[in-house]
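Student: For the record, the sequence lines run as chains A and B. Remember, my numbering sits 2 above the position in the first sequence when you count from 1. Remember, my numbering sits 3 above the position in the second sequence when you count from 1.
No wet-lab data here; the hints were simulated from the structure. Among the hints, a few may not be true.
Not everything, but these chain A residues come out facing chain B in the computed CB check (under 10 Å) [what the hints assert, rightly or not]: (1) R9; (2) F10; (3) K14; (4) Q36; (5) L37; (6) W38; (7) K43; (8) K44; (9) A46; (10) D54; (11) I55; (12) Y57; (13) P58; (14) D221.
Incomplete in silico selection of chain A near chain B, CB under 8 Å [unchecked claim]: (15) R13; (16) L35; (17) Y42; (18) N45; (19) L219; (20) A239.
Everything numeric in this text was worked out from a predicted model, so none of it was measured. Glycine included, C-beta positions come from ideal geometry on N, C-alpha and C.
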Amino acid sequence: MSVSTNRFEVRKFVIGGVAIAIVVVYMVRLFTLQLWSDDYKKNADSNAFRKDIQYPSRGLILDRKGRILVYNEPSYNIMVVMHEQRGVDTLDFCETIGITREDYEKRMTDIKDPAKNPGYSRYTPQLFMAQIPAQEFSLFREKLFRFRGFSIEKRSTRQYTGAIGAHILGDVAEISQKELEEDSDHYYKSGDYIGKLGVERSYEKQLRGVKGMRIMLRDVHGRTQGHYQDGRYDTQAVPGKNLTLGLDKDLQELAERLLTGKLGAIVALEPQTGEVLCMASAPTYDPRIMVGRDRGKNHQRLSADKMRPLLNRAIMGTYPPGSTFKITQALVGLQEGIIDPQISFPCSHGFNYKGLHVGCHGHASPINLVPAIGTSCNSYFCWNLYRMLSNKRKYGSVQAAMTKWKDYMVAMGYGYKLGIDLPGERRGMIPNAPYYDKAYKGSWNGLTVISIAIGQGEVTATPLQIANLAATVANRGYYMVPHVVHSIQDGELDPLYRTKKYTGVDRRWYDYAVAGMRKAVIDGTCRGANLPGIEVCGKTGTAQNRGHDHSVFMGFAPMNEPRIAVAVYVENGGFGNVYGVPIGALIIEQYLNGKLSEASQKKAEHFQNMHIKYGDYER
Amino acid sequence: MLQQETKYPLLHVDWVVVLLYLVLLTCGWLSICGATHELGDTNFFDWEVRTGKQLVWIGCALSLAFVILMTNDKHYDTLAGLFYWGMVVVLVITPFVAKDIKGSRSWVNLGFCNIQPAEFAKCATALAVAKLINQYGFTLSDMRNFAKAAGLILLPMGLIVMQKETGSALVYLAFFLMFYREGMPGCILFTAVAAVAYFVVGIRFSETELPGTLSSVGEFAVLIMIWLFSLGMVCVYAPRTGFVRIFLPLGLGAVGGALAFSRWIVPFDVSWVLLLLCIGMSLYMVWQSLGQRAVRWLLIAVFTLGSTAFLYTADFALNRVLEPHQRLRIQVLLGMNEDDRGAGYNVNQSKIAIGSGGLEGKGFMNGTQTKLKYVPEQDTDFIFCTVGEEQGFMGSAGVLSLFLLLILRLIYLSERQSSTFGRVYGYSVMSILLFHVFINIGMVMGLTPVIGIPLPFFSYGGSSLWGFTLMLFIFLRIDAGRKRRL
Chain A
3 MSVSTNRFEV
13 RKFVIGGVAI
23 AIVVVYMVRL
33 FTLQLWSDDY
43 KKNADSNAFR
53 KDIQYPSRGL
63 ILDRKGRILV
73 YNEPSYNIMV
83 VMHEQRGVDT
93 LDFCETIGIT
103 REDYEKRMTD
113 IKDPAKNPGY
123 SRYTPQLFMA
133 QIPAQEFSLF
143 REKLFRFRGF
153 SIEKRSTRQY
163 TGAIGAHILG
173 DVAEISQKEL
183 EEDSDHYYKS
193 GDYIGKLGVE
203 RSYEKQLRGV
213 KGMRIMLRDV
223 HGRTQGHYQD
233 GRYDTQAVPG
243 KNLTLGLDKD
253 LQELAERLLT
263 GKLGAIVALE
273 PQTGEVLCMA
283 SAPTYDPRIM
293 VGRDRGKNHQ
303 RLSADKMRPL
313 LNRAIMGTYP
323 PGSTFKITQA
333 LVGLQEGIID
343 PQISFPCSHG
353 FNYKGLHVGC
363 HGHASPINLV
373 PAIGTSCNSY
383 FCWNLYRMLS
393 NKRKYGSVQA
403 AMTKWKDYMV
413 AMGYGYKLGI
423 DLPGERRGMI
433 PNAPYYDKAY
443 KGSWNGLTVI
453 SIAIGQGEVT
463 ATPLQIANLA
473 ATVANRGYYM
483 VPHVVHSIQD
493 GELDPLYRTK
503 KYTGVDRRWY
513 DYAVAGMRKA
523 VIDGTCRGAN
533 LPGIEVCGKT
543 GTAQNRGHDH
553 SVFMGFAPMN
563 EPRIAVAVYV
573 ENGGFGNVYG
583 VPIGALIIEQ
593 YLNGKLSEAS
603 QKKAEHFQNM
613 HIKYGDYER
Chain B
4 MLQQETKYPL
14 LHVDWVVVLL
24 YLVLLTCGWL
34 SICGATHELG
44 DTNFFDWEVR
54 TGKQLVWIGC
64 ALSLAFVILM
74 TNDKHYDTLA
84 GLFYWGMVVV
94 LVITPFVAKD
104 IKGSRSWVNL
114 GFCNIQPAEF
124 AKCATALAVA
134 KLINQYGFTL
144 SDMRNFAKAA
154 GLILLPMGLI
164 VMQKETGSAL
174 VYLAFFLMFY
184 REGMPGCILF
194 TAVAAVAYFV
204 VGIRFSETEL
214 PGTLSSVGEF
224 AVLIMIWLFS
234 LGMVCVYAPR
244 TGFVRIFLPL
254 GLGAVGGALA
264 FSRWIVPFDV
274 SWVLLLLCIG
284 MSLYMVWQSL
294 GQRAVRWLLI
304 AVFTLGSTAF
314 LYTADFALNR
324 VLEPHQRLRI
334 QVLLGMNEDD
344 RGAGYNVNQS
354 KIAIGSGGLE
364 GKGFMNGTQT
374 KLKYVPEQDT
384 DFIFCTVGEE
394 QGFMGSAGVL
404 SLFLLLILRL
414 IYLSERQSST
424 FGRVYGYSVM
434 SILLFHVFIN
444 IGMVMGLTPV
454 IGIPLPFFSY
464 GGSSLWGFTL
474 MLFIFLRIDA
484 GRKRRL
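Bound-form chain B, shown alone:
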């Protein structure tokens, strides 16, 4: 029985994922047709054009998928370490053998094609981390274990940063979503999200004045957020302590009173009131922790004080630490700088392309913005523009839905894994996929920073396609063999 199952893994493959994979692949290839098609040129199958090449990459990817499904899934666990360290070596060597392409040294020339090792390192890292967490007695709440796992992720990440591929490196942050599933305290994730929120709001509205006062909207709003988040954390981690009953009305009264005073009597910077409130709250919490000997009070106090400190350092960092072009990018992203010809050009053009699609789009290969090359990198990082322009809202919403279905299906498949190895690996694949979709589609719609990472299965290029195929089908192979492990 067991032997038969390993002999015929195709019988147990999750066909929903395979189907979604094939549909996305087809949509992707058609989008490349639309993006690269030039007027009067209709031969998509020529090796000389990108559509023809992409067909070859797709063919290779499908063969790769088939080969993976035919392998013995026991090997993944055992070979994970070797694969990982092999990739690390490759990543170390890469910058020395790679040619400089637009400032990045990440492409290795194999003679017949160029390969980006970073795309495959994700898969290796996922396997290695899965193997690590799968070890008996491993818990992420153990700081040493957590450091080990984080180290496995940060090593390739750092190596990729050295290749000047910051975008690909940031993808490794996706592993923290998997860590969260595996027991990393939610407050870490929450703190990270909160930090992003503070940064965006604080910087974006730093120069807007709150009506009737002398304070900036950004500073005010972030302090309000810190106050509310702190109260929320107290609710979750130290309920029933009367803390909220003191500080919620106190805060409301102080802020209301300050706003009224500033509005009708003497205008002043009301942020000071909030700042004092937050500091007061932290001191109260420290005093509580001393009295009750409870670490959680101290941690919340650290969160509140840390958040406040972060607010005042972010502004400093933006203006003093970052290079002018980096600052400009951030300002453009936050809509503070309408630089439609410079840094904002790509995003502006891609928004125009998507926006001009309307409900039903302009029709396959009828997109004018993409065809006339208004959108840069339209067949790689900005491929989603073509979908938006040519297939309209229906098409682009459809593609988004397909990705969502695939992600939800991967969560479902991961949860049904009998082994921690399978589950961790599944969540890693899912997280990386989600991160790519989140950043890439958000980027073309002007919602997330322009980080040059491809849209899985859509963007032109073999490395990315093979990397995702490898990752996904290894998981499908593990999933197909899950029953044997029971």
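Next comes chain A alone, as it looks inside the complex:
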């Protein structure tokens, strides 16, 4: 016995070795399962956790007097869990929610398409159809038990109290694929809503609030088994903040009314704060059509419209500033010592020098600063710019003089975006020396570019920039960056909107500009803006362009304690005093008096009905 046993005793090592080998292999396997990757962990979480998202209510938008402009209304989303969706009577389903069979199939295919729905999972609710109105929804809810796998998610849609302010208020809609990809915080999920235009977009973060999440445990049968860790990791939804705009609802209404049947923009600012009192762009649209399921259709229709109603001309339209620009020329000339208030320039129906002629209308000649602004003398400002650009003694070269000039323009808010809190602002155009060097191959002088002196030529600006000029003059030398939002609930406004921006031109020179603008109203080009009891200062503009001239007005009131600065642009409206001045005056009257006089009301109606016929050319 012992002989044979001893022969095999070494085999205990083999057997022990096998046992050890098995355990070592299993340890390695455990290591790869548990420590090598967290795939299994993720898998487990998606198994067991159902994340219920709590949507916060979006902040309200109010006007400067606390009147509601935008609020929320309940609506319902139909969700579907593909894995559970089985044996649904498609015909009944489609009839209940009013869609076609093809539409149903398409929605189902889209849900499963990872390109269109990146977060797709068979086991989580996917958005089937958004924003079902309350009446269709109630029928659907009754039949819901028959549609296995479908469920309802309560959401809200935006509603507007009036047809006004579409460009400022903007709208919300389902987040696009592109926006999802740009969302670096991964806050949004497919099907979420996001502000698309206006303050809905620029204040998206404040308005939306923060989504909450309840992590629910889900067992193998999909039944909810309470909160994970008794809700320790749940987060509460934080409601969105209300926005109070600087906008005056009545003023905005009037502005949009006055632009009926025309193309153009009206911008009114509060000079001390830079708040936008009204901002109208015509043509406009009713923001209420951008709500709900028809948004896509309506949006497409508006995009295709040749008159471009989606364009907010107040900040996206760049026009030649025309004669309103002369104020800036005067201020630069005064500050640089090119002119003084007493110096006079000749005007023989225009500026005539070295064979160049810039026309002007008939008025006394020679003429000094204040009457030159009052009568909007072209010649005066051409002389002014020419003397600046040809002053080699002071600047050394025309390029250096041009650069100096450009710096003033930029300091006054031209040539770059002002930084208003609305998406899509354009910068306008202020030419600089390299620009002309390139355009004229280095050979140019003050005469070559003389038309910029009167706001023509290469210079363009947005109506907002012109309104900002009026505000700067009203403030005698500084402006606040224009902004739409007055205050954010429990929040601070961007410090950008709380800082004074000085233009580099002394206050005393502004007094002459004010005097000139006042003179224009009393006995100059702006007589139509001379309101009883209000000291209005103004400046007309007649901006030449390819078609009929644009009618422009810029002004502020009252002269000594300015409360409103306004710019009016009516495309192809002709002389400044045809549309610009009377419309500007109505805006000023409405804001300062809180109402229009009877005569003014008639006037407003008159302008509301004055429609300009526009051609088909591209704008």
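Fit chain B to the known structure of chain A by using the hints.
Tutor: Structure of chain B alone, referenced to chain A:
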């Protein structure tokens, strides 16, 4: 002196094993707590919940252990036959009195609880086989003796298969590990392992094409294995014969040449070259055996030819003989079929549960996968998932280590037995334990087939716990009395 020792067997009990047993039992019960715990329900001691019941089974097991330690160890040898044949009778009766539970007729209702006789039959078989091998002059190399021993094992195995408890029946294969210790030729064990390897590799990669050729990776790899195993056997059983010096370079050259030819000239099935090589080798060995009159050459030739035949029949068996659901199970196990909702569901979910545990686990009773019932049979066959999920790598590696310690300790204890009876019985206990741990933990990690056998001391249920307690403590009692036999 001798009398005193039998009076106080507790003094000589191996406390290491007892301690490991108690620790494993505790871990097991805590795992059941984690697995069966439902949200908001914290009463583990209620008779109505499984944790409460398991406590009762544990209490019974501990009493059983104590009683066994108090018995006289001489009885085991004498009563082994009676116990064995008694169990055989019970196993024969069982399918007729047992209720059908999920297709298996192995549970006998005793009124207050259900008992699975198969769990106790292992112990009886171990004792009976130990008694048989203990007989004077018994050697396993004697074919008649070997057949007797194998018969003792195959009888209960067959009876359990008839109860449709294939898993429990397969456990009896563990006895062959003990046979190996007792002198069964290693080549039998090796052949068995090789057969498994051929099957797994051959089937798993049967549909993958070897780059540059027209042959399947599975067939190619298995033929390479056969060639190498044959050369290895020649090295062990017929060294210094120059055989390897001929066939190693010949094989390398033939395979290399065939691969190169197929890759750059005309693609063809290179397995043919290997097949011819293996057949050529076998013929050479047969010729050798005829010339030298040496049986070992013939046996190696049988191994080589048998392996080759096995390769080509396994594929046939899988596709023609096996039922579709059995085939599916095999394919899922080999990772050929990702059927996560059907046959692969259990294993996939248990892998997720274990994998989600990470290093430190989610904490006691914080497992989400097990608690929310994603893992099936999580308190019985898949109990190890709970350990993996709630205790993480540290916990599950710890449990594995405890089992390894217990197994190694049992090998040590078996080797110190003065009697063949004790040693054979000890190795049987060890082998059965190892087989259970190997299959069960491998199964939840997706390494071994899903054979429904419990994890000793962990899985919920009285029969399995008592069966293992009985087996282990009988061995401890034999071990405690070993000195008296000197």
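Student: A separate judgement is required for each hint: does it hold in the structure or not?
Tutor: Here is what the structure says about each hint:
1. R9: Holds, because the Cβ-Cβ distance from R9/A to chain B comes to roughly 8 Å (cut-off 10 Å).
2. F10: Result: holds, 5 Å to nearest chain B Cβ.
3. K14: Since chain B brings a Cβ to about 6 Å from K14/A, closer than 10 Å, the hint holds.
4. Q36: 4 Å, holds
5. L37: Status holds, d = 6 Å.
6. W38: 9 Å, holds
7. K43: It holds, given that the least Cβ distance between K43/A and chain B is near 4 Å, below 10 Å.
8. K44: 8 Å, holds
9. A46: Interface hint status for A46/A: holds (3 Å vs cutoff 10 Å).
10. D54: 16 Å, violated
11. I55: With a closest approach of 20 Å, the I55/A hint is violated.
12. Y57: 26 Å, violated
13. P58: 28 Å, violated
14. D221: Result: holds, 4 Å to nearest chain B Cβ.
15. R13: 5 Å, holds
16. L35: 4 Å, holds
17. Y42: Hint on Y42/A: holds, closest Cβ of chain B at ~2 Å, below 8 Å.
18. N45: 5 Å, holds
19. L219: 6 Å, holds
20. A239: Hint violated; A239/A Cβ to chain B Cβ min 24 Å, cut 8 Å.
Against the hints set out earlier in the document, violations occur for numbers 10, 11, 12, 13, 20.
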